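Here the protein sequences come in this chain order: A and B. Following the UniProt record's numbering, the residues of the first sequence are numbered contiguously, the last one being 878. Following the UniProt record's numbering, the residues of the second sequence are numbered contiguously, the last one being 357.
Source of the hints: derived by calculation from the structure; they are not laboratory data. Source: prediction; values computed, not measured. Note that beta-carbon positions come from the ideal geometry of N, C-alpha and C, so glycine has one too. Honestly, I wouldn't trust all of these hints.
[Said to hold, decoys possible] Residues from chain B that keep clear of chain A, each with C-beta distances beyond 10 Å, as calculated:
hint : residue
1    : Met126
2    : Glu143
3    : Pro145
4    : Ser160
5    : Thr219
[What the hints assert, rightly or not] Restraint ranges, calculated between C-beta atoms of paired labels, are given here:
hint : chain 1 : residue 1 : chain 2 : residue 2 : range
6    : B       : Gln272    : A       : Arg406    : 34 to 44 Å
7    : A       : Asp410    : B       : Ala177    : 47 to 57 Å
8    : A       : Ser583    : B       : Met253    : 42 to 52 Å
9    : B       : Val110    : A       : Asp410    : 54 to 64 Å
10   : B       : Asp274    : A       : Glu48     : 41 to 51 Å
11   : A       : Ser857    : B       : Val110    : 41 to 51 Å
12   : A       : Glu266    : B       : His67     : 26 to 36 Å
13   : B       : His67     : A       : Lys727    : 27 to 37 Å
14   : A       : Asp125    : B       : Glu43     : 54 to 64 Å
15   : B       : Gln156    : A       : Phe744    : 36 to 46 Å
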Amino acid sequence: MSGSKPDILWSPHHPDRYVICDSELGLYRIGPVGSAETKPGTLPLSEETAATLLAINSDTPYMKCVAWYPKHEPECLLAVGQANGRVVLTSLGQSHNSTCKELVGKEFVPKHARQCNTLAWNPVDSNLLAAGLDKHRADFSVLIWDISSKFTPETSVAAEKIRLSSVDLDSSTVVTKPLYELGQNDACLSLCWLLRDPKLLLAGMHRNLAIFDLRNTSQKTFVNTKAIQGVTVDPHFHDRVASFFEGQVAIWDLRKFEKPVLTLTEQPKPLTKVAWCPTRTGLLATLTRDSNIIRLYDMQHTPTPIGDETEPTIIERSVQPCESQIGSFAWHPSSQNRMVVVSAANRVMTDFTVFERISLAWSSTTSLMWACGRHLYDCVEDSAEGIESMIEKDIATKMRQRAQSRYGHDTVQVWRNHLLAGGNDVQLKSLWFDLYYMKQCAEDMELKLQGNKQSVVYSGIKNIVKTSSGTTESRRCWAGSDRPTDVPRYHSEERCLALRLCGWISRGPDIDVETFLRSLEQEQEWERAAAVSLFNLDIRRAIQILNKGATAEKGDLNLNVVAMALSGYTDEKSSLWREMCSSLRLQLKNPYLCIMFAFLTSEPGAYDGVLYESSVAVRDRVAFACMFLSDAQLPRYIDKLTNEMKEAGNLEGILLTGLTKDGVDLMESYVDRTGDVQTASFCMLKGSPGDVLKDPRVQCWIENYRNLLDAWRFWHKRAEFDIHRGKLDPSSKPLAQVFVSCNFCGKSISYSCSAMPHQGRGFSQYGVSGSPTKSKVTSCPGCRKPLPRCALCLMNMGTPVSNCPGTGKSDEKVGLTRENKLAQFNNWFTWCHNCRHGGHAGHMLSWFRDHTECPVSACTCKCMQLDTTGNLVPSDSS
Amino acid sequence: MFVARSIAADHKDLIHDVSYDFHGRRMATCSSDQSVKVWDKSENGEWHCTASWKTHSGSVWRVTWAHPEFGQVLASCSFDRTAAVWEEIVGESNDKQRGLSHWIKRTTLVDSRTSVTDVKFAPKHMGLMLTTCSADGVVRIYEAPDVMNLSQWSLQHEISCKLSCSCISWNPSSSRAHPPMFAVGSDDSNVTYGGKVQIYEYNENTRKYGKAETLMTVTDAVHDIAFAPNLGRSFHVLAIATKDVRIFKLVPMRKESTSTGPTKFEVQIVAQFDNHNSQVWRVSWNITSTLLASSGDDGCVRLWKANYMDNWKCTGILKGDGSPLTGSSGQPTAMSTVVGSSVQTSQNALNGMSAGR
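Given the sequences, and given the hints that come with them, work out the whole structure.
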């Protein structure tokens, strides 16, 4: 440690104190930032902590190394090694302490002055202080001082020297006779006491690592190596030692000291500090010169003494505690993985905690669990948040909510499904209205007995307009005036159907948009209504709508201005009105107002301003195209739009593709984009054509959706979905899973338990009447032998259950629905797969409410606990 | 948006892995203390440890659940060079009533000669199959031919990846259009060895797994890898934890019906984030693969979400110790502004929690 390089030492006993030493010693106390903020002179260390300077000691110049006295008392005693080889005991802010007073100021002086490189207190016998010195001819370089020893009035050369150098020194505080002298004719660069035996001292000598035994100072074990700097013992594994040389760290095992057990990857710059983490096993921190990162080596395994060839797993990590280059760091002695770092340049300190590698996992219900160190953290999405965040909600959360609101299950008012989905998704709204109109049209077609046409409805406008034939062209007048327009309008049966699918017109041969307009007015979609009215060549109505919109509550008064502009319409090609409208319309923010003027100012047949205004709903653009594009233009436009929609996965495009293979393609890109298999499943189920449902992609979405519901424990919803699916796709009905055969004849007894309800007969009929022609329900339909008995009521199964005790609630229900009694779950056969005992479901349930063992005497089977999944409660139980 | 609370885990050493079961009601943790713990969530949302037992004679790296249709089955892997399969049984004792369940070892898989670094069950539709990967670079695929007898596992495939393996992930897609596929990552830090993520695919004709792809752009050590739940999508998404978070998209190319080789993929990198500013350790997808969580050496958990344009963004940062994250000390990123509001809320909630602790 040179004067320019700072170092940090944590107090061995005060968890909130540390010393920074460079040219002087500074004692700091670390505390929470909150209170300290107002106090002057505190230094922020992190967001939570700040340091306060308690004391400064500049009594000891030429410091080379410092070591903190390890015992409690005196608490703030430091040994300072100086450039001339002296070791001085000093203190910080504890001058009044009596025990300290005796020791503070005591000096330990070697025979020959040379630099003191390192100091180490003996962890057990705390009177022993080892000092490592540079080489001086044949002198010793490792001196072990006894700090309790009094001044030795020895007339040695050294003592004289002291008197010469520091005249005013109280001679009683100078010690010149070390307890032990080791390492003759060598230099010592680093020292540490071995924790496994406090009589052993490990020293990094000039070219070797040596272990000195104080009980026999003449002997030493040593190994030749260059890695002699910064020797340090792993506090958690006392045989493991780290040392370094330039950029390389060597790890030693003292039990097989011949060579390092491993060397860590070499760093390009020389290392300055290597330290084991005191609070965590096998974590070594290293620092190189001019670096702002601390490299950590996580040695996961305590090395085995012998014979293990596999390299221990080492995970290399690097942390960056601060922006600037790090001068030094020190692990906190007790706080988990915590260290204080001091920067090289301006002594900025940072309090920093090294996090353990965090492992994490999402649950199926979007909660996140992670493990950091020895702790677990459960992290759930906070549901108590405003609606504005709804849009940002994850699709998993959305699907869960939608499943619970029975999204997709409204098969009559199909459009309502978008409300069940939350009602704030434009694409879903469009999709469900499309499906609603398709359904309506299909039903009408059926009424007209044009059976084969049904599939036409679901094949989408793209296919409908392709088959268009017998298109007539007409030039209508502007409504309310005799002035003919030069706008040709096209009619055909198919175009009419397309308009219906777009929702512009309702059933009937006429093109009458009035109903549609009124519904738009009701929803206050003034601009859209005005545009639709205009496209039906009714300017007066459009103006009327705009006026209404302007006067409505929260209406936009600007609509009046638009109405005014509209009323000035002239079909003269070069009028000022046209010129102004076509240039200013682009400034209109509302796309519908924009396309109104685009329509009025464009040449007949060239409606790009309307058709390619992407913020206008697809259905309106398509309806417009069906009215004003010729047979040549229309399919081209529709094809182009369809491809655009397919590529974007925009559900509005379902109007064009219908529920065809094209539609599946479109849905595929929607699912790719959003992951919303719920909408995809419900939508494609509506597509009655078998070929769409058979598409493997559709099957895949359905399976994935069912799997999601299962994972969320929405089993009721899953069952509902399966029923819904079974109705629309009969091929998906599952086969019977269990067959029960008679003990005697081996034939299936399903006749008596499952076939019965389908016959629509009350169970009691059989029980009571006992008609001779029919077998009793308690007997096998094949051989008429009685069925097994219920373990609880000892009646033959198949018997109608009399009100069982302990199910008070269900008793009432039974009474109410006596005629449906057979369908009651209470009557079902149940049995344990393990012990094969069983009985009426109702009886078994009430038994196991209070018991864990099987009701059959001497059977210890814990029937109800066998299956853990069975104990899970569905999270959607309604 | 997200609120964290601490659970007393009571492991005696570092926890290496956390794993949820299919329903998210049970959880398993494994640790350097050589044990596995099973946790059950009570109705009020509290987690209770219902089983804790010594599983291995070394650190347990990973633990994973089988699909519940195979029973309550766990697999663990360890530094002790083995992987093990555990099954919960209801024994003679009344353990359940005391809130404890009993797990017994069904098998020990001892084929590896080095530390077994990851263990994963194959997707359910493939049957009960278990995959391990080990530090010597071998992926092993075991199968239990009889799902009722978990003590018999046969080694079906042994695939040498040449590089020390650290993690493995199955493609969860159950679509018939996608043959079984897994990705394996290597933590070898030598960048000259090339791509550290290899993707293997099952070939119906040869009945073997063949390499379909190597992600050559990932040259640094890979610590974790995760295929996103496919959910009927036409492509696969793979998240990789290396020196940064990376998200790859693998789009299967339409292949001619005659070709028998492995599927060719168009590999696109969708996102790459170095916000952790250091090594990234873990990545995990939510059930719809719309949220990704990652953890890194900055001690933070970060959440990532894509918008409709497939642009991934950081939507939340949580400190590893559950403490609130204020400012952006040590991480000079612009992220703190993005999550400003969410951090605020979680901070309040956390303060409440710490007071209750």
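When you take the CB atoms of aspartate 274 of chain B and glutamate 48 of chain A, is the distance between them in 41 to 51 Å?
violated, 26 Å
In terms of Cβ atoms, is chain A entirely out of 10 Å range of serine 160 of chain B?
Non-interface label on serine 160 of chain B holds, nearest chain A Cβ at 18 Å vs cutoff 10 Å.
Please confirm whether threonine 219 of chain B is truly not at the interface, meaning its C-beta sits more than 10 Å away from all C-beta atoms of chain A.
Threonine 219 of chain B is indeed farther than 10 Å from all Cβ atoms of chain A, at 16 Å.
With 27 to 37 Å as the target window, see if histidine 67 of chain B and lysine 727 of chain A comply at their CB atoms.
holds, 29 Å
Between glutamine 272 of chain B and arginine 406 of chain A, does the C-beta distance stay in 34 to 44 Å?
holds, 41 Å
Given a hinted range of 47 to 57 Å, is it respected by the beta-carbon distance of aspartate 410 of chain A and alanine 177 of chain B?
This hint is violated: roughly 32 Å between Cβ atoms.
If I take the minimum Cβ distance from proline 145 of chain B to any residue of chain A, is it greater than 10 Å?
Its Cβ never comes within 10 Å of chain A, the nearest being 21 Å, so this holds.
Going by Cβ atoms, does glutamate 143 of chain B stay more than 10 Å from chain A at every point?
holds, 22 Å
Looking only at beta-carbon atoms, does the pair glutamine 156 of chain B, phenylalanine 744 of chain A fall within the given range of 36 to 46 Å?
holds, 45 Å
If you check the beta carbons of serine 857 of chain A and valine 110 of chain B, does the distance land in 41 to 51 Å?
45 Å Cβ-Cβ, so the 41 to 51 Å window holds.
For the hint 54 to 64 Å, verify it against the beta carbon of aspartate 125 of chain A and that of glutamate 43 of chain B.
holds, 59 Å
Beyond 10 Å on every Cβ pair: is that true for methionine 126 of chain B relative to chain A?
holds, 15 Å
Taken one by one, the earlier hints fail for this structure at numbers 7, 10, 12, listed in ascending order.
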